[in-house]
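Novice: Produce the complete structure using the sequences and hints provided.
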Amino acid sequence: MRRRTLLGALPLLAMAPEAALAHPPRQPDSAEAKKFIEEVTDFRVKLAKAVLAKDFAALRPLYADSFTHTHGSGKIDNKDARLVAAMAGEPLIEAAPATDLSFRVFTGPTVVVTGKSPILNVKEQKTYDFRWVCVYVTAKDGWQLAVSQATRLI
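If you count by mature numbering (1 follows the signal peptide of the UniProt record, and there is no 0), then the sequence shown holds residues -22 to -1, 1 to 132, one letter each, in order.
One or more of the hints may lead you astray.
Unchecked claim - Taking lysine-lysine and the BS3-like style, the derived pairs with C-alpha atoms no more than 30 Å apart in a straight line are:
1. Lys53 with Lys13
2. Lys24 with Lys101
3. Lys24 with Lys13
4. Lys32 with Lys57
5. Lys57 with Lys118
6. Lys13 with Lys118
7. Lys53 with Lys94
8. Lys27 with Lys12
9. Lys57 with Lys27
10. Lys13 with Lys101
11. Lys57 with Lys24
12. Lys57 with Lys101
13. Lys104 with Lys57
14. Lys104 with Lys24
15. Lys12 with Lys118
16. Lys101 with Lys27
17. Lys104 with Lys94
18. Lys24 with Lys12
19. Lys53 with Lys101
20. Lys118 with Lys104
21. Lys12 with Lys104
22. Lys101 with Lys32
23. Lys94 with Lys32
24. Lys27 with Lys118
25. Lys104 with Lys27
26. Lys94 with Lys24
27. Lys101 with Lys118
28. Lys94 with Lys12
29. Lys94 with Lys57
30. Lys53 with Lys104
31. Lys53 with Lys12
32. Lys24 with Lys53
33. Lys101 with Lys12
34. Lys104 with Lys13
35. Lys32 with Lys53
36. Lys12 with Lys57
Claimed, not checked - Using C-beta positions, here's what the derived DEER-type ranges look like:
37. Ser8 with Gly50: 23 to 29 Å
38. Gln5 with Val62: 22 to 28 Å
39. Lys12 with Ile132: 20 to 26 Å
40. Ala59 with Leu98: 25 to 31 Å
Hints were generated in silico from the structure; no laboratory data involved. For glycine and all other residues, C-beta sits at the position ideal for the given N, C-alpha and C.
Specialist: Following this line, the structure appears as structure tokens:
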């Protein structure tokens, strides 16, 4: 029985020998986590400036290709829809002033940020507070926004 199990695994080992011997990713230590938080804080400023400037060329690489944003209404935008919204000047959490920021650093590295922002409802011309979460991941060329969600506070 053991021989059959080992023989069955040989094709998998041949396909990706480094994966079979790789160590699981480790949680960043305190100094690394602090560095990642500083990088993501700088990235958030860069993203907000690009949104406010409606700089499509700067914005496009800042969102992961598989990016999604879930609105408070439940509507889901992909990367292209989010870029269109930014170019149209729609109020986005990416450019809104934020309070109650909380950063959590995970392997990857991945940083999850939660916060609260006032967002203008254009149809009602009324501002509401939203609690939001954004997930930032590392990519080949630096940080990217991978997913975000906003929930209106009542």
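Novice: If a hint holds in the structure, say so; if it doesn't, say that too.
Specialist: Evaluation of the provided hints:
{"no.": "1", "hint": "Lys53 with Lys13", "in the structure": "34 Å, violated"}
{"no.": "2", "hint": "Lys24 with Lys101", "in the structure": "28 Å, holds"}
{"no.": "3", "hint": "Lys24 with Lys13", "in the structure": "17 Å, holds"}
{"no.": "4", "hint": "Lys32 with Lys57", "in the structure": "15 Å, holds"}
{"no.": "5", "hint": "Lys57 with Lys118", "in the structure": "18 Å, holds"}
{"no.": "6", "hint": "Lys13 with Lys118", "in the structure": "18 Å, holds"}
{"no.": "7", "hint": "Lys53 with Lys94", "in the structure": "19 Å, holds"}
{"no.": "8", "hint": "Lys27 with Lys12", "in the structure": "23 Å, holds"}
{"no.": "9", "hint": "Lys57 with Lys27", "in the structure": "18 Å, holds"}
{"no.": "10", "hint": "Lys13 with Lys101", "in the structure": "40 Å, violated"}
{"no.": "11", "hint": "Lys57 with Lys24", "in the structure": "17 Å, holds"}
{"no.": "12", "hint": "Lys57 with Lys101", "in the structure": "23 Å, holds"}
{"no.": "13", "hint": "Lys104 with Lys57", "in the structure": "26 Å, holds"}
{"no.": "14", "hint": "Lys104 with Lys24", "in the structure": "27 Å, holds"}
{"no.": "15", "hint": "Lys12 with Lys118", "in the structure": "21 Å, holds"}
{"no.": "16", "hint": "Lys101 with Lys27", "in the structure": "24 Å, holds"}
{"no.": "17", "hint": "Lys104 with Lys94", "in the structure": "16 Å, holds"}
{"no.": "18", "hint": "Lys24 with Lys12", "in the structure": "18 Å, holds"}
{"no.": "19", "hint": "Lys53 with Lys101", "in the structure": "16 Å, holds"}
{"no.": "20", "hint": "Lys118 with Lys104", "in the structure": "40 Å, violated"}
{"no.": "21", "hint": "Lys12 with Lys104", "in the structure": "37 Å, violated"}
{"no.": "22", "hint": "Lys101 with Lys32", "in the structure": "21 Å, holds"}
{"no.": "23", "hint": "Lys94 with Lys32", "in the structure": "23 Å, holds"}
{"no.": "24", "hint": "Lys27 with Lys118", "in the structure": "22 Å, holds"}
{"no.": "25", "hint": "Lys104 with Lys27", "in the structure": "23 Å, holds"}
{"no.": "26", "hint": "Lys94 with Lys24", "in the structure": "19 Å, holds"}
{"no.": "27", "hint": "Lys101 with Lys118", "in the structure": "39 Å, violated"}
{"no.": "28", "hint": "Lys94 with Lys12", "in the structure": "21 Å, holds"}
{"no.": "29", "hint": "Lys94 with Lys57", "in the structure": "22 Å, holds"}
{"no.": "30", "hint": "Lys53 with Lys104", "in the structure": "19 Å, holds"}
{"no.": "31", "hint": "Lys53 with Lys12", "in the structure": "34 Å, violated"}
{"no.": "32", "hint": "Lys24 with Lys53", "in the structure": "26 Å, holds"}
{"no.": "33", "hint": "Lys101 with Lys12", "in the structure": "40 Å, violated"}
{"no.": "34", "hint": "Lys104 with Lys13", "in the structure": "37 Å, violated"}
{"no.": "35", "hint": "Lys32 with Lys53", "in the structure": "22 Å, holds"}
{"no.": "36", "hint": "Lys12 with Lys57", "in the structure": "28 Å, holds"}
{"no.": "37", "hint": "Ser8 with Gly50: 23 to 29 Å", "in the structure": "35 Å, violated"}
{"no.": "38", "hint": "Gln5 with Val62: 22 to 28 Å", "in the structure": "37 Å, violated"}
{"no.": "39", "hint": "Lys12 with Ile132: 20 to 26 Å", "in the structure": "35 Å, violated"}
{"no.": "40", "hint": "Ala59 with Leu98: 25 to 31 Å", "in the structure": "19 Å, violated"}
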